[in-house]
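Peer 1: Sequence:
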Amino acid sequence: MNHPANQFQRIAVIAKPDVAGKLISTLRQLHDVLAARRLTLLPDERTAALLQLGQGLSLDELGRQSDLAIVVGGDGTLLSAARQLTDHKIPLLGVNLGRLGFLVDITPDDIGRCVAAVLDGKYEEDQRFLLSAQVGDQPPALAFNDVVLHKWNIARMIEFETWIDGRFVNTQRSDGLIISTPTGSTAYALSGGGPLLTPGLDAIALVPICPHTLSNRPIVIDAAGEIEISVCGHTDPQDVRITCDGAASLTIGEGEKLRVIRHPTRVRLLHPVGHDHFDVLRAKLGWGELPKN
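Residues 138 to 430, numbered by my numbering, are exactly what the sequence shown covers, in order.
No wet-lab data here; the hints were simulated from the structure.
Glycine included, each C-beta is placed from N, C-alpha and C at the ideal position.
A couple of the hints might just be wrong.
[What the hints assert, rightly or not] Straight-line alpha carbon distances no greater than 20 Å define the calculated SDA-like cross-link-like pairs of lysine to any residue that follow:
1) LYS159 - ARG250
2) LYS259 - PRO355
3) LYS288 - VAL272
4) LYS394 - ASP302
5) LYS259 - HIS412
6) LYS421 - PRO332
7) LYS259 - GLU365
8) LYS226 - PRO277
9) LYS159 - PRO245
10) LYS394 - TRP300
11) LYS421 - LEU234
12) LYS288 - LEU234
13) LYS421 - ARG236
14) LYS226 - ALA278
15) LYS288 - TYR325
16) LYS394 - GLN271
17) LYS259 - HIS140
18) LYS421 - GLY235
19) LYS394 - VAL417
20) LYS259 - PRO245
21) LYS288 - LYS159
22) LYS226 - GLN146
23) LYS394 - MET294
24) LYS159 - GLY249
[Said to hold, decoys possible] Simulated restraints, written as ranges between beta carbons of each label pair:
25) ALA253 - LEU333: 29 to 37 Å
26) PHE415 - ALA253: 35 to 43 Å
27) ASP246 - CYS369: 52 to 60 Å
28) HIS349 - GLU262: 40 to 48 Å
29) ASN143 - PRO277: 31 to 39 Å
30) ASP413 - ALA173: 28 to 36 Å
31) ARG250 - PRO276: 39 to 47 Å
32) ASP274 - ASP246: 45 to 53 Å
33) TRP424 - PHE305: 34 to 42 Å
34) TRP289 - ASN143: 46 to 54 Å
Please model the entire structure based on the sequences and the hints provided.
Peer 2: What follows is the structure, encoded as structure tokens:
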């Protein structure tokens, strides 16, 4: 799809924090592409250090000063950047240095051609929603993939109640519950037996983790719904934790509820022309491949 050319003039570059080697050569390629077009490169602190560009910028500063962010790393790097840049509403473009890469789909070998095409306005765009999770007066935490309520430092299961839009759903005993966006349906939720949701679907999947009763199956609900979860039975709330994309951690106390809603701002993801979600699924999940001897 064609978009206006030259709309991106100030480009944030965000690098995976814990690799070097191939990362440095990829960043140099990206630097050369932007320099050839006389565009402003705004580096994060990692990029600035690797390319010796002086003092890098925080993600908040990058969000305020740039009109496109190029993320070099893997899906985890993009997830982190997306959560922190959400309110700035700038589009994200991913360069894949990882292995799986459902979200970052430009390879280092294609960086010159693909980034040039995006800068010329030739790209596909899709918009993904995030989840906002909050317990009591704690600051809300954002999740691009999933909010997970799980047991903590114990071997036994936990017990909790689930409510959707004020209506009681069930009480379950399990190792926890994955509350997943369509983006997260290819992540932890998939390994838990959850369904694959297409990226544009306004739906949330609730996937039990190792439930005691096999009739506790994944549920798909309207993304506009409000989910509330409270610990019950003999479960001590201190044995429960809440994580967002495997990172941000919330605690839950006696009588408190975890509240999860769709965040009002969506993340804009850019892809090369011809990007197809089902092509990605076939490639990453090995659909149709013959068994290897």
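Peer 1: If a hint holds in the structure, say so; if it doesn't, say that too.
Peer 2: Checked hints:
Of the supplied pair hints, the one linking LYS159 and ARG250 holds, its CA atoms being roughly 18 Å apart against a limit of 20 Å. A distance of roughly 38 Å separates the Cα atoms of LYS259 and PRO355; the hinted pair therefore is violated under the 20 Å criterion. For the hint pairing LYS288 with VAL272, the CA-to-CA distance comes to about 16 Å; that is within 20 Å, so the pair holds. A C-alpha spacing of about 13 Å is found between LYS394 and ASP302, which places the hinted pair at or below 20 Å, so the restraint holds.
A hinted pair counts as satisfied when its Cα atoms are at most 20 Å apart, and LYS259 with HIS412 qualifies at roughly 12 Å. For the proposed pair LYS421 and PRO332, the alpha carbon gap of about 16 Å is at most 20 Å, so the pair holds. Simply put, LYS259 and GLU365 have alpha-carbon atoms about 42 Å apart, too far for the 20 Å limit, and the pair is violated. A threshold of 20 Å between alpha carbons decides the hint, and for LYS226 with PRO277 the separation of about 19 Å falls inside it, so the pair holds.
The hinted pair formed by LYS159 and PRO245 meets the criterion: a straight-line CA distance of about 9 Å does not exceed 20 Å. Distance check on the hinted pair: LYS394 and TRP300 sit about 10 Å apart at the alpha-carbon level, within 20 Å; holds. Straight-line distance between C-alpha atoms of LYS421 and LEU234 comes to about 15 Å, which keeps the hinted pair within the 20 Å bound. Among the hinted pairs, LYS288 with LEU234 is inconsistent with the structure: their alpha-carbon atoms are about 32 Å apart, more than 20 Å.
A distance of roughly 9 Å separates the Cα atoms of LYS421 and ARG236; the hinted pair therefore holds under the 20 Å criterion. Restraint check for LYS226 and ALA278: the C-alpha separation of about 17 Å stays at or below 20 Å, so the hint holds. Under the criterion of a C-alpha separation no larger than 20 Å, the hint pairing LYS288 with TYR325 is consistent with the structure, at around 15 Å. Using a Cα cut-off of 20 Å, the hinted pair LYS394 and GLN271 holds, with the two alpha carbons roughly 8 Å apart.
At roughly 6 Å between alpha-carbon atoms, LYS259 and HIS140 fall within 20 Å of each other, so this suggested pair holds. As the CA atoms of LYS421 and GLY235 are separated by approximately 12 Å, the hinted pair is consistent with the 20 Å bound. The straight-line distance between the Cα atoms of LYS394 and VAL417 is roughly 37 Å, outside the 20 Å bound, and the hint therefore fails. Between LYS259 and PRO245 the alpha-carbon distance is near 18 Å, which keeps this suggested pair within the 20 Å criterion.
Proximity of LYS288 to LYS159 is assessed by CA-CA distance (about 38 Å); at most 20 Å being required, the pair is judged violated. Of the pairs offered as hints, the one joining LYS226 and GLN146 holds, with about 16 Å between alpha carbons and a cut-off of 20 Å not exceeded. Our distance criterion of 20 Å between C-alpha atoms is met by LYS394 and MET294, whose separation comes to about 18 Å. Taking the CA atoms of LYS159 and GLY249, the gap is near 15 Å; set against the 20 Å cutoff, the hint holds.
In this structure the supplied range 29 to 37 Å holds for ALA253 paired with LEU333, their Cβ-Cβ distance being about 32 Å. At roughly 26 Å, the beta-carbon separation of PHE415 and ALA253 lies outside the given 35 to 43 Å, and the hint is violated. Checking the proposed 52 to 60 Å range against ASP246 and CYS369 shows it holds: the Cβ atoms sit about 53 Å from each other. Restraint check, HIS349 to GLU262: a C-beta distance of roughly 43 Å satisfies the suggested window 40 to 48 Å.
The given range of 31 to 39 Å is respected by ASN143 and PRO277, whose C-beta atoms sit roughly 37 Å from each other. For the hinted restraint 28 to 36 Å between ASP413 and ALA173, the CB-CB distance of approximately 30 Å keeps it satisfied. At roughly 42 Å, the beta carbons of ARG250 and PRO276 sit within the given window of 39 to 47 Å. One distance hint, 45 to 53 Å for the beta-carbon pair ASP274 and ASP246, holds here, with the actual separation near 49 Å.
Checked against the hint of 34 to 42 Å, the C-beta distance between TRP424 and PHE305 comes to roughly 38 Å, which is consistent with it. Separated by about 51 Å at the C-beta atoms, TRP289 and ASN143 satisfy the suggested range of 46 to 54 Å.
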